[in-house]
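Chemist: Those sequence lines, one after another, are chains A and B. Under the numbering used here, residues 1413 to 1505 are what the first sequence spells out, in order. Under the numbering used here, residues 3 to 582 are what the second sequence spells out, in order.
For the record, the hints were derived by calculation from the structure and aren't laboratory data. Everything numeric in this text was worked out from a predicted model, so none of it was measured. Do not rely on the hints blindly, as some may be mistaken.
What the hints assert, rightly or not - Simulated pairs of lysine to any residue, SDA-like, Cα-Cα distance not exceeding 25 angstroms: (1) A:Lys1492 / B:Ile497; (2) A:Lys1497 / B:Ala148; (3) B:Lys49 / B:Phe9; (4) B:Lys491 / B:Ala540; (5) B:Lys337 / A:Glu1503; (6) A:Lys1497 / B:Thr146; (7) A:Lys1492 / B:Lys337; (8) A:Lys1497 / B:Tyr409.
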Amino acid sequence: MSDKNHTPDKKPGWADNPTFIRIFIGILTVSAIAAGLAGFNPAWKNPHPHFAVEGVPVFFAIYGFVAFAFIVLAGQHLRKLVGRKEEYYDERE
Amino acid sequence: MSASSIFAFFAGNPAIIMMVGALMCIATPRHLASPILLIATALSAIKLSTLGLGEYGAITLFGEQIVTLRLDRLSRLFAIAFHIAAALNIIYAWGQKDRAQNFATLAYPAAALGGVLAGDMITLFVWWEIAAITSVFLVWAPGTRATYVSGMRYLAIQVLSGVLLLAGIVLIYRETGSLAFDFVGLRDDATGAIKLSALVMFLAFGIKCAFPLLHTWVQDAYPKSTISGTIILSVFTTKLAVYALARAFPGTSELIYIGAVMTIFPIFFALIENDLRKVLTYSINNQVGFMVVGIGIGTAGALNGAVGYAFSNIIFESLLFMAVGAAMFRTGTSKATELGGLYRTMPLTMTFCIIGALSISAFPFFAGFVTKGLIVDGAGGVNIWVWLTLLFASAGVLEHAGIKIPYFTFFGHDSGKRPKEAPIGMLVAMSIAAVLSIGIGVFPEPLYALLPNQEQIAGYNPYTAYHIIEQLQLLLWAVLAFAVLVLIKWYPPEIPSTNLDVDWLWRVPGRALLSWASGASRATWNALWGIFAGRIHALMARIYAMHGPEGQMARSWPVGYMALWTAVLLGFVLILSFLG
Chain A
1413 MSDKNHTPDK KPGWADNPTF IRIFIGILTV SAIAAGLAGF NPAWKNPHPH
1463 FAVEGVPVFF AIYGFVAFAF IVLAGQHLRK LVGRKEEYYD ERE
Chain B
3 MSASSIFAFF AGNPAIIMMV GALMCIATPR HLASPILLIA TALSAIKLST
53 LGLGEYGAIT LFGEQIVTLR LDRLSRLFAI AFHIAAALNI IYAWGQKDRA
103 QNFATLAYPA AALGGVLAGD MITLFVWWEI AAITSVFLVW APGTRATYVS
153 GMRYLAIQVL SGVLLLAGIV LIYRETGSLA FDFVGLRDDA TGAIKLSALV
203 MFLAFGIKCA FPLLHTWVQD AYPKSTISGT IILSVFTTKL AVYALARAFP
253 GTSELIYIGA VMTIFPIFFA LIENDLRKVL TYSINNQVGF MVVGIGIGTA
303 GALNGAVGYA FSNIIFESLL FMAVGAAMFR TGTSKATELG GLYRTMPLTM
353 TFCIIGALSI SAFPFFAGFV TKGLIVDGAG GVNIWVWLTL LFASAGVLEH
403 AGIKIPYFTF FGHDSGKRPK EAPIGMLVAM SIAAVLSIGI GVFPEPLYAL
453 LPNQEQIAGY NPYTAYHIIE QLQLLLWAVL AFAVLVLIKW YPPEIPSTNL
503 DVDWLWRVPG RALLSWASGA SRATWNALWG IFAGRIHALM ARIYAMHGPE
553 GQMARSWPVG YMALWTAVLL GFVLILSFLG
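Chain B extracted, bound-state conformation (with noise of 0.2 angstroms):
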């Protein structure tokens, strides 16, 4: 391979040319660090507009070929959506100046476009790995031991990840001798049964996608990153992993019921949650969930909506969380108690949270809406169990995203705080998002236009008047309701609190048995050392009594005693040859 075919090669991959401006950051003055973070993601879409769909950057790996670039419809649409979230980010937080976090604001989102990007399972491996290990310097970015020590919880569940995905990958190039990333399937299609390479597989995606039980990663690490890391958390790993089961596990009909799960237990806890960007936590869940019941459903028209949806959630929950987080930038605080009346002056953040709470709500003309309804349609198909779940679930976005969200933060009980409005860089990433949530929702064609299945979506039309009422009904009515349980004092007040979730089980009984294990192995350890080393130390001291300067082989021996056993020897021989 010659220096220029190399250069081809890297230069060839939006990934590694954002991945490169990732890595200037760390060697150039702070200062400059926005402009060539937002040059280097310029740089990657404009490679990545100049390429045509198929593949690239195939090369051959101990005999085995690998496409590390390959770009369909599927891919081309997630790598899309990263770009501008990656954009969004670097503008929110356009003047950062500590060097780790502005590596890992464009390494990470590198690492994951390198992931959707991905035309093999080895490269998927990888870039899925530098994000695990990119995206945790986020996580400790804030520099305090709560941080240190979830970072280390976080890293360790998605090392996890990707130990699974490496087993899968080895698994199932066993099985069938491809190392291509394609449709893997759960079950056999033979005998129905499920295919244990497929199985590890799915999990490692599902940790990453934070299935339900395997989620609270999710809460434990985003919300204490910074500010902006935190937006910049919750864009990437899970839709990578919705990316991965989209293009992997198709029409899986578990994710269907996986997926309904996980739309309704975070409504739940996100109700019950004071701190506002942690109920937002609870939302990535909720939402991620929707995407997998598309999945999971697998007809056109449901995968077109999950990846569709997907595309929407990315720009309208980070302007939620970038309303949140500027709202924290100015008072210190996400708390809910801690908030309240901030409208008055900050009202074009106010304005842009609301059109991202209207947005996730899926309320006509916001990006949610046209690409929800493909997902709860395909529902309508499977049966009218998940079909309600999905209603009862978007009644339950509403609540926590739509209303919690703006009303806690900009009105609800006045704080007494009179912040100045958010800073321009926030100002203007928060305008681009809030644009983008209603342009999608006004014309979706552009967006229609990027989905997988082409055929499926000509003939969809999200503004027809039954779509439209039976939206309004539900979300109208749901609003109705949260007005007459404040108006009667029922609506529950905001409460300072830990809510414990399932990752009690290892933070608390779990540390302590660990702790106990740890003390117990040691005693163990100790008591069969003083053992060992015991019988050592009385061996040795009877090979010193024998051996030593006073022992017993030690002494001198008298001259006649080698006459005689020279005789003795001689003797002996004398009669082996008389013998002989």
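For reference, chain A alone in the conformation it holds in the complex (with noise of 0.2 angstroms):
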């Protein structure tokens, strides 16, 4: 099923230029904090709000970016808890 001529090409793609991944990291900043500016916008605010927090203007911002990171660092030592080799349940079943 798989396609077994792959060529030993380890040429650097688009995508490794660092111009390319400069580029791109500079929109993403720019994105992200033109939509926490945003945030401030009086006229942008949700009118009908659950709760206080979502007046905060960079609640969302905030909160995604710690909820992300939180995930990944947090995350990661659950490796400890469960991880076992891959064989784990081959050499079991």
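Using the hints, put the two standalone chains together into the complex.
Modeler: Structural data, given as structure tokens:
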């Protein structure tokens, strides 16, 4: 099923180009900051918020950043608890 | 019932049309299988489109009337989604020659379709079980021992769900005297206590919905199937259960918390999982969790959001499975450690994958955005913890499905693999799914027109400034967190491993306990049988000694004994006559 004719080509592609990476991160940063700033416009506020925190202009930005970082930094430690070698079940079933 | 009315009964049900198409694949040449499956799906869709909302196929069984086909707004939405998913899967696997897989490719969706169209609980049960049995062929399709064992576990759990459903049906029928499949509700209206009958049915749905602790059959069975098999499996069983919950248990507050847990725990397992198809199975749990929360909230908006999200999810989750499947088809692996850098030679698959990733992450103008907001907004009406949980889970979706899947498949470290682009069938299926994902996001009105509560959705606009800004803040800053973690090298590398889940309990200690119990029971039986057999043997020996050829009872008796006994008996009779 697999295509075994892989060419051992290690040439960097467009996504590995440092210029592309810089541009991508630049656009991402500018967009993220723009979204954060947009939160300060009173005309763009939720007219019917459920909770007071929704009134904080950058609440969703901070929450998104912290939640993502927490998932990655805390979640990786789950490996210590549940991680086993790949053949774990093969050897037992 | 005349022959023509029997024909009309069967031809009038889209699920039976699909099932006939699946059965035809078994008897026709293999190269005709894909066209037959697609034609059957099209005929089924045509039949569905000609049916107006209403009830059809009523028959009397054991004195009870059952409605084999009910088309209302709720069932129609799922029926349409199932047709789309079935068609996409057939196109994706175009030219597939394996008869068992070809049969299951449509028989299983047909059963799920029959389930959502069922107007009564008996019909639901029958299709529920057919879905379990037909789907296991997809798990077994690779034909290895591991898939056989996994398939048996899968079948046991699915049949358990069916047995519970049947028990629930019997108990509900005894209470209500009705077989109609409508709102059940977990609690008694008068007392507020949980009804046993409803609880049994709730658990049956919960197993198929992959509630926490009942979820591991998804991760165990789905990633072991074939490339196309996994995609098919990913759609139907859990969504049939979502439909069943939306039908029978809307507004059940327990579902809010069950669903909230479902959205959270898979995020962490998905983070550390190396097999990207298994990552996507955790994504199924997470996504179904959002739907379960919406059903539990039960308001018109949240219910619209839950079932609308199910519709969209069927398309973009399939798209992600298809993209990873295409990479696996070309490279032979779906492990993150063995993939990476495929964007160079599989640009179309990469593009489709990114569209699926943007959709599942609920970026504005993609499918997830236009219905997920309804669920999150509904959660805001419950309490802040549920609301924060769903926001947290949204960041988690972005992590494992929005970033991890495309990043580790097509970017990340360069695996050095330079495979060809995906085959044409796969590309066509992925392109349709991608167009639908964007189409629903940009023009949500056709989807909204299908939602159950039209009054609520009529006043809903997903593209308000605050909704877009809030969502972009959440997602863009989460992506920024990813970029920062990668740049400072804090993002954990993928590691080949097996990660234990709760199924470890029955796969290792449970198995050992069963093995011990089996040995102990065998030894006990042998001992008891030995004692019994010894006693029987001794008894037989004594009987033989008494009645055998040389036994006491077999010896010849002298004539004198006979004369003596005759005289005794005659004397006895004489005395009796004298006394009488």
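Chemist: Give a verdict on every hint.
Modeler: Status of the hints after comparison with the structure:
Under the criterion of a C-alpha separation no larger than 25 angstroms, the hint pairing lysine 1492 of chain A with isoleucine 497 of chain B is consistent with the structure, at around 12 angstroms. Straight-line distance between C-alpha atoms of lysine 1497 of chain A and alanine 148 of chain B comes to about 16 angstroms, which keeps the hinted pair within the 25 angstroms bound. With a C-alpha separation of about 14 angstroms, the suggested pair lysine 49 of chain B and phenylalanine 9 of chain B falls inside the 25 angstroms cut-off, and the hint holds. The hinted pair formed by lysine 491 of chain B and alanine 540 of chain B fails the criterion: a straight-line CA distance of about 80 angstroms is larger than 25 angstroms.
For the hint pairing lysine 337 of chain B with glutamate 1503 of chain A, the CA-to-CA distance comes to about 20 angstroms; that is within 25 angstroms, so the pair holds. Between the alpha carbons of lysine 1497 of chain A and threonine 146 of chain B the distance comes to roughly 20 angstroms, so the proposed pair stays at or under 25 angstroms and holds. For the given pair, lysine 1492 of chain A sits about 20 angstroms from lysine 337 of chain B by alpha-carbon distance, which is consistent with the 25 angstroms threshold. Between the alpha carbons of lysine 1497 of chain A and tyrosine 409 of chain B the distance comes to roughly 24 angstroms, so the proposed pair stays at or under 25 angstroms and holds.
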